[in-house]
Amino acid sequence: MAHVVRDTTKSDKVDRYFLDYLFAEWEDLPEVEREWPTWEEPSRLLFVLEWPMREDRLATLRQWVADGLLTGKQLGRYRELKALIERHRPIVERLLSEDDPTIPRRAAP
Amino acid sequence: MRERTIDASALERNVAGAVSEWRALGDSDDTFAVEGMRPSFACAPSGEDELSALLRAANDAGVAVIPWGGGTRMSLGFPPRAADVVAETRRLDEIVEYEPADLTVTVQAGITLAALQSRLRAEGQMLALDPAAADRATIGGLTSANASGPLRLMYGSARDLVIGTRVVNADGVISKSGGRVVKNVAGYDLNKLYVGALGTVGVVVQLSFKLHPLPQAQSMLVAAFRTVDDASKVVAALMRSPLGPAAVELLDATAAREVRPDVALPDGGCLLVVAAHGFEAAIVRSLRDLRELCSAATDLEDVRDEAALDTLSAALREFPDPSRAGSALLKAAVPPSRSASTLATIRREARDAGFEPALLSHAGSGIVYARLSPQTWEDDAVLRLGVLVERVRAHARGEGGSLVVEACPTAAKRLPAFDVWGDPGSAFPVMQALKQNLDPKGTLNPGRFIGRL
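Quick mapping for you: the protein sequence lines, in order, are chains P and X. Under this note's numbering, think of the first position of the first sequence as 73, with each following residue one higher. Under this note's numbering, think of the first position of the second sequence as 2, with each following residue one higher.
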């Protein structure tokens with residue numbers, strides 16, 4: 073049985089719960105936008121409801137960067153993440169910017 | 002009280018046949034009362050097929066169903082608009098699949114957390130959830146209430162640990178979700194929809210979790226401080242440091258007397274408990290660094306003995322047990338950097354309102370619990386509670402946070418302006434649309450959730 077026991081440092085948490093997580097969420101956005109018209113209404117509603125949690129996690133990461141808590145390697149990844157976010161931010165704005173996010177938006181038949 | 006009169010014979014004819022274990026409840030039977038409302042019937046489906054048949058029949062007949070795990074979080078939420086039938090999950094208590102090598106487990110929703118942890122412990126693993134009342138609380142109930150404990154800081158909450166769900170929807174349809182977000186063309190991963198939804202959009206019958214190895218070594222540092230301000234400086238320094246504690250708990254003097262009666266604290270003093278999990282060498286290093294951070298402490302103690310660690314962990318974990326009779330429990334969520342100041346503000350506001358609170362904060366996670374236990378909850382105390390909730394909520398909002406009343410007398414919940422959840426703001430139309438989509442007839446726990454959904 074493989075046991076991966078954590079070290080008691082913040083570094084592991086930064087990688088797993090912030091950088092890995094945020095990269096996955098932001099990288100997926102073009103695919104989310106492509107598939108959006110095929111999603112059922114609960115899926116779209118939940119995406120809209122949950123998006124602010126990603127922004128909260130990003131804000132925490134920014135604070136840790138400001139506090140100087142990231143390693144050099146992590147800072148490199150953070151810079152890549154920022155570039156990714158800049159590229160994909162317009163997608164989020166399109167998905168969340170409808171007048172009424174509770175109205176399902178489907179592709180024209 | 003019974004909110005409405007239902008046609009019992011029609012209900013039994015239409016719904017009771019769906020499940021093998023069904024019984025009528027007497028008019029004075031409080032076993033499954035929710036905020037004073039007594040359901041007419043209780044049933045315990047043997048599996049998801051029976052639960053599915055029950056919900057389909059109840060949904061068709063306009064019958065309100067109250068899902069019931071261990072009953073330890075029934076104080077959460079508004080009084081239901083209707084409560085006709087209780088559906089217990091206690092017979093769904095199997096471990097469906099456990100692969101220690103994969104660090105994953107799939108369980109039925111009615112298994113208690115303690116029973117699951119016992120099985121996992123034998124393999125050197127754990128589900129990293131440590132809420133109160135683990136011996137009675139079911140996995141399904143804890144997930145539906147999104148309950149967590151001190152270890153949330155290191156391992157996250159149920160939202161972070163659930164990797165799959167199987168749910169019976171209000172119309173009886175069984176659905177399953179899990180896997181990566183966009184690889185499933187059916188849409189967004191709906192796992193998280195059910196975490197914290199209080200059983201209002203579906204009854205969770207099966208859950209898959211990611212697991213963690215039991216830590217190789219553990220320790221706690223217990224530090225006493227003259228003032229909350231002294232302790233808050235340590236918490237701030239700790240959260241800005243490279244140290245990654247498993248838990249950071251801050252207790253006022255009243256809560257400290259309950260958790261560590263052997264440590265003498267002045268009124269206005271507080272206790273800081275920092276837990277570390279990891280390799281032995283890392284623990285030793287952490288303790289050394291923590292001691293340096295706590296230079297202003299009046300008393301410092303390393304806790305390394307297993308029995309002492311268990312006792313202290315249990316006391317911290319059980320402090321915010323919402324099922325404790327006679328108490329009100331407020332839970333503020335604020336940015337972690339504001340935990341200590343929020344604790345101090347709640348203490349002042351509570352005293353101004355005539356209460357003597359006991360306060361505990363998961364300071365690293367920004368959670369602050371206030372327990373109020375007056376001699377009696379006469380009308381005046383209920384009104385004072387209403388005022389206190391408004392004031393503390395205003396403070397929490399000002400800090401960018403929120404306040405939920407996890408337990409309080411039913412009389413308070415029936416006050417016109419009393420809101421146990423708080424205003425969800427712009428998210429509410431989305432939540433309404435979800436409820437309308439998944440439970441349009443209001444079959445499941447009607448009225449208990451945010452905005453009385």
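Think of the hints as simulated: they come from the structure by calculation, not from any bench. A quick note: this is a predicted structure, and the numbers were derived from the prediction, not measured. There's no promise every hint is true.
Below, simulated BS3-like cross-link-like pairs (lysine-lysine); rule was C-alpha separation at most 27 Å, straight line [stated by the list, open to error]:
1. X:K193 x X:K442
2. X:K442 x X:K414
3. P:K85 x X:K442
4. P:K85 x X:K193
5. P:K85 x X:K414
6. X:K211 x X:K177
7. X:K332 x P:K85
8. P:K82 x P:K145
9. X:K193 x X:K332
10. X:K193 x X:K211
11. P:K154 x P:K82
12. P:K145 x P:K85
13. X:K442 x X:K332
14. X:K177 x P:K82
15. X:K414 x P:K82
16. P:K82 x X:K442
17. P:K154 x P:K85
18. X:K234 x X:K211
19. X:K177 x X:K332
20. X:K442 x X:K177
Per label pair, the in silico range of CB-to-CB distance [stated by the list, open to error]:
21. X:D353 x P:A138: 44 to 54 Å
22. P:P124 x X:P417: 25 to 35 Å
23. P:R159 x X:L301: 45 to 55 Å
24. P:M125 x X:S338: 14 to 24 Å
25. P:E158 x X:R160: 22 to 32 Å
26. X:S29 x P:E99: 52 to 62 Å
Quick look at which bits of chain P chain X covers, simulated, 3 or more residues with Cβ under 8 Å [to be verified]:
27. 82-90
28. 156-164
For glycine and all other residues, C-beta sits at the position ideal for the given N, C-alpha and C.
Going through the hints against the structure:
In summary, the hint linking K193 (chain X) to K442 (chain X) is supported, as the alpha carbons are separated by about 22 Å, within the 27 Å threshold. Restraint check for K442 (chain X) and K414 (chain X): satisfied, since their Cα atoms lie roughly 24 Å apart, inside the 27 Å limit. Note on K85 (chain P) and K442 (chain X): the hinted pairing is violated, with a Cα-Cα distance of about 43 Å set against a maximum of 27 Å. This hinted pair checks out: K85 (chain P) and K193 (chain X) have alpha carbons roughly 21 Å apart, not beyond 27 Å.
Distance check on the hinted pair: K85 (chain P) and K414 (chain X) sit about 39 Å apart at the alpha-carbon level, beyond 27 Å; violated. A hinted pair counts as satisfied when its Cα atoms are at most 27 Å apart, and K211 (chain X) with K177 (chain X) qualifies at roughly 17 Å. For a cut-off of 27 Å, the pair hint linking K332 (chain X) to K85 (chain P) stands: about 25 Å separates their Cα positions. For the hint linking K82 (chain P) to K145 (chain P), the alpha-carbon distance of about 14 Å falls within 27 Å, and the restraint holds.
This hinted pair checks out: K193 (chain X) and K332 (chain X) have alpha carbons roughly 21 Å apart, not beyond 27 Å. A distance of roughly 14 Å separates the Cα atoms of K193 (chain X) and K211 (chain X); the hinted pair therefore holds under the 27 Å criterion. Distance restraint check for K154 (chain P) and K82 (chain P): the Cα-Cα separation of roughly 20 Å lies within the 27 Å cut-off, and the hinted pair is therefore satisfied. Between K145 (chain P) and K85 (chain P) the CA atoms are separated by roughly 14 Å; this keeps the pair inside 27 Å, and the hint holds.
Annotation: proposed proximity of K442 (chain X) to K332 (chain X) is violated, straight-line Cα distance about 31 Å (limit 27 Å). Annotation: proposed proximity of K177 (chain X) to K82 (chain P) is violated, straight-line Cα distance about 34 Å (limit 27 Å). For the given pair, K414 (chain X) sits about 41 Å from K82 (chain P) by alpha-carbon distance, which is inconsistent with the 27 Å threshold. Between K82 (chain P) and K442 (chain X), the direct Cα distance comes to roughly 47 Å. Violation of the 27 Å bound is thereby established for this hinted pair.
A hinted pair counts as satisfied when its Cα atoms are at most 27 Å apart, and K154 (chain P) with K85 (chain P) qualifies at roughly 19 Å. Taking the CA atoms of K234 (chain X) and K211 (chain X), the gap is about 35 Å. The hint is violated against a cut of 27 Å. Between K177 (chain X) and K332 (chain X) the CA atoms are separated by roughly 31 Å; this puts the pair beyond 27 Å, and the hint is violated. Under the criterion of a C-alpha separation no larger than 27 Å, the hint pairing K442 (chain X) with K177 (chain X) is consistent with the structure, at around 22 Å.
Between D353 (chain X) and A138 (chain P) the beta carbon distance is about 36 Å. The supplied range of 44 to 54 Å is therefore violated. Between P124 (chain P) and P417 (chain X), the C-beta spacing of about 30 Å keeps the proposed range 25 to 35 Å intact. Between R159 (chain P) and L301 (chain X) the beta carbon distance is about 50 Å. The supplied range of 45 to 55 Å therefore holds. A beta carbon spacing of about 19 Å between M125 (chain P) and S338 (chain X) agrees with the range 14 to 24 Å that was offered as a hint.
A beta carbon spacing of about 27 Å between E158 (chain P) and R160 (chain X) agrees with the range 22 to 32 Å that was offered as a hint. One distance hint, 52 to 62 Å for the beta-carbon pair S29 (chain X) and E99 (chain P), holds here, with the actual separation near 59 Å. With 5 residues bearing a CB less than 8 Å from a CB of chain X, the segment 82-90 of chain P meets the requirement of three and the coverage assertion stands. Given a C-beta distance limit of less than 8 Å, the hint that chain X covers the segment 156-164 of chain P is violated, as 0 residues qualify and 3 are needed.
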